[in-house]
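Sequence lines, in order, name chains A and B. Here full-length UniProt numbering is used: the first residue of the first sequence is 1, the next is one more, and so on. Here full-length UniProt numbering is used: the first residue of the second sequence is 1, the next is one more, and so on.
There's no promise every hint is true.
Taking lysine-lysine pairs in the DSSO-like style, the calculated list, with each CA pair at most 27 Å apart, reads [stated by the list, open to error]:
#1 A:129 - B:129
#2 B:65 - A:146
#3 B:129 - A:146
#4 A:65 - B:129
#5 B:146 - B:129
#6 A:129 - B:65
#7 A:129 - A:146
If you're looking for bench data, these hints aren't it; they were derived computationally from the structure. These figures come from a predicted structure and were not determined experimentally.
Here is what each chain is made of, one letter per residue.
There are 2 protein chains.
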Amino acid sequence: MAYELHYWPMIQGRGEFVRLALEQAGAAYIDVARRPHEEGGGIAAMMDRLEDEPIRPPFAPPFLKDGDLVIGQTAAILLYLGPRIGLVGATDADRIWTHQIQLTVADMVAEAHDTHHPVGVGLYYEDQKPEALRRARDFRENRIPKFLAWFERVLARNPAGPDHLVGAAVSYADTSLFQLVEGLRYAFPTATARALEATPRLAAHGERIGCLPRIAAYRASDRRRPFSEEGIFRRYPELDAD
Amino acid sequence: MAYELHYWPMIQGRGEFVRLALEQAGAAYIDVARRPHEEGGGIAAMMDRLEDEPIRPPFAPPFLKDGDLVIGQTAAILLYLGPRIGLVGATDADRIWTHQIQLTVADMVAEAHDTHHPVGVGLYYEDQKPEALRRARDFRENRIPKFLAWFERVLARNPAGPDHLVGAAVSYADTSLFQLVEGLRYAFPTATARALEATPRLAAHGERIGCLPRIAAYRASDRRRPFSEEGIFRRYPELDAD
């Protein structure tokens, strides 16, 4: 039975980390909210499902349904899917390390989001722009170099070589790191290009993952939504200026 | 062999979620950085270990050592410890649900932190106070009620009753939720008291977990550091004012 992914239909957002893993695995899935209304799609139906879930309600999209099981939180979804779709190693040590990397990706995603929403998610960007300018500067100058240096170190220290984060095979941490770097390149092209000069293994990693046949096919399809100023990674040039 | 926990010695911080789980389980552990310098304790030794870890370096404290295995990220540490110290259910469904709750606790912890550091972690609170006032207001008015209502719903919908988050036994999600609510009560006493009036099961849950014999003993010991304005949850009265 196909997995059901429930997420905002028009953006990449946090759901994209799940989509990329499912695509790389070649797993059967339905992106439910993107379906027509009469087939149970759309945002209203998704929000009804979120509220109606009787026993274990997710806090927010994305959430995954696998039969009767409902799982929220991007990192938890990937933790669940990893062994089932062949995107994590077989040992406990590999699995917990892959998850640790995913959680660090998630931390940086949250910080990237907060560059344009440093005061509150319920306010428009335009209503928190002075704060956003300050936060984005700190993010560019301190956080991007610090996080990217850590990912570089992880690649450099992988005994199996820098092609993958964990061992010698693609894991969900690889597809998530690809998406993170893509998002940073979109939102902060200048700052990210500068940081990637100091992290050559990371830059090469992104190129490689993006060209995996299934990832390349997905990126060329209309299932891949473009980055936009409705998502997590937003290109506001003033936030990438020196 | 005792677990080794590595975390900032003077604060509760994120390490406290691990400490509480280990204490509730009665597990043998060493809080390494709190040891004397000559026994390998102290902050400098911890930071050396973080850098030196040859293969799989954690991003930041806390990290746990179990023999040769090193695990960073609070939620990943608890994911690893849960089944080993008897603080998570036996089924896959229970485990992923417990982790989902933990990740939502972690999201709120990050937001609580950002009320006093909305611009950057490298700056002093005093240098980002106008931004902090705005962010804290949004946190009090929107985020505290939203998160606490979700925890209330989780307790209310637990088929085994509202004494625990998952099933009929204490899990690491329970000890983490206890710590989160304690932190909120410390940092935002007025706003939190108001929100807890609307979430009676959550209020009772905190009382109950705090009085579990091992948790009570830990809280009465000098192993439990007090809340302070060096930690995640800080009492700045202006951030709790209407």
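Verification of the supplied hints:
1. A:129 - B:129: 16 Å, holds
2. B:65 - A:146: Roughly 23 Å separates the two Cα atoms, so the pair holds.
3. B:129 - A:146: Given pair residue 129 of chain B, residue 146 of chain A holds - Cα atoms ~24 Å apart, limit 27 Å.
4. A:65 - B:129: 43 Å, violated
5. B:146 - B:129: 24 Å, holds
6. A:129 - B:65: Between residue 129 of chain A and residue 65 of chain B the Cα gap is close to 43 Å, so the pair fails against 27 Å, i.e. violated.
7. A:129 - A:146: Roughly 24 Å between the alpha carbons, so the hint for residue 129 of chain A and residue 146 of chain A holds.
Hint violations for this structure: numbers 4 and 6, all remaining hints satisfied.
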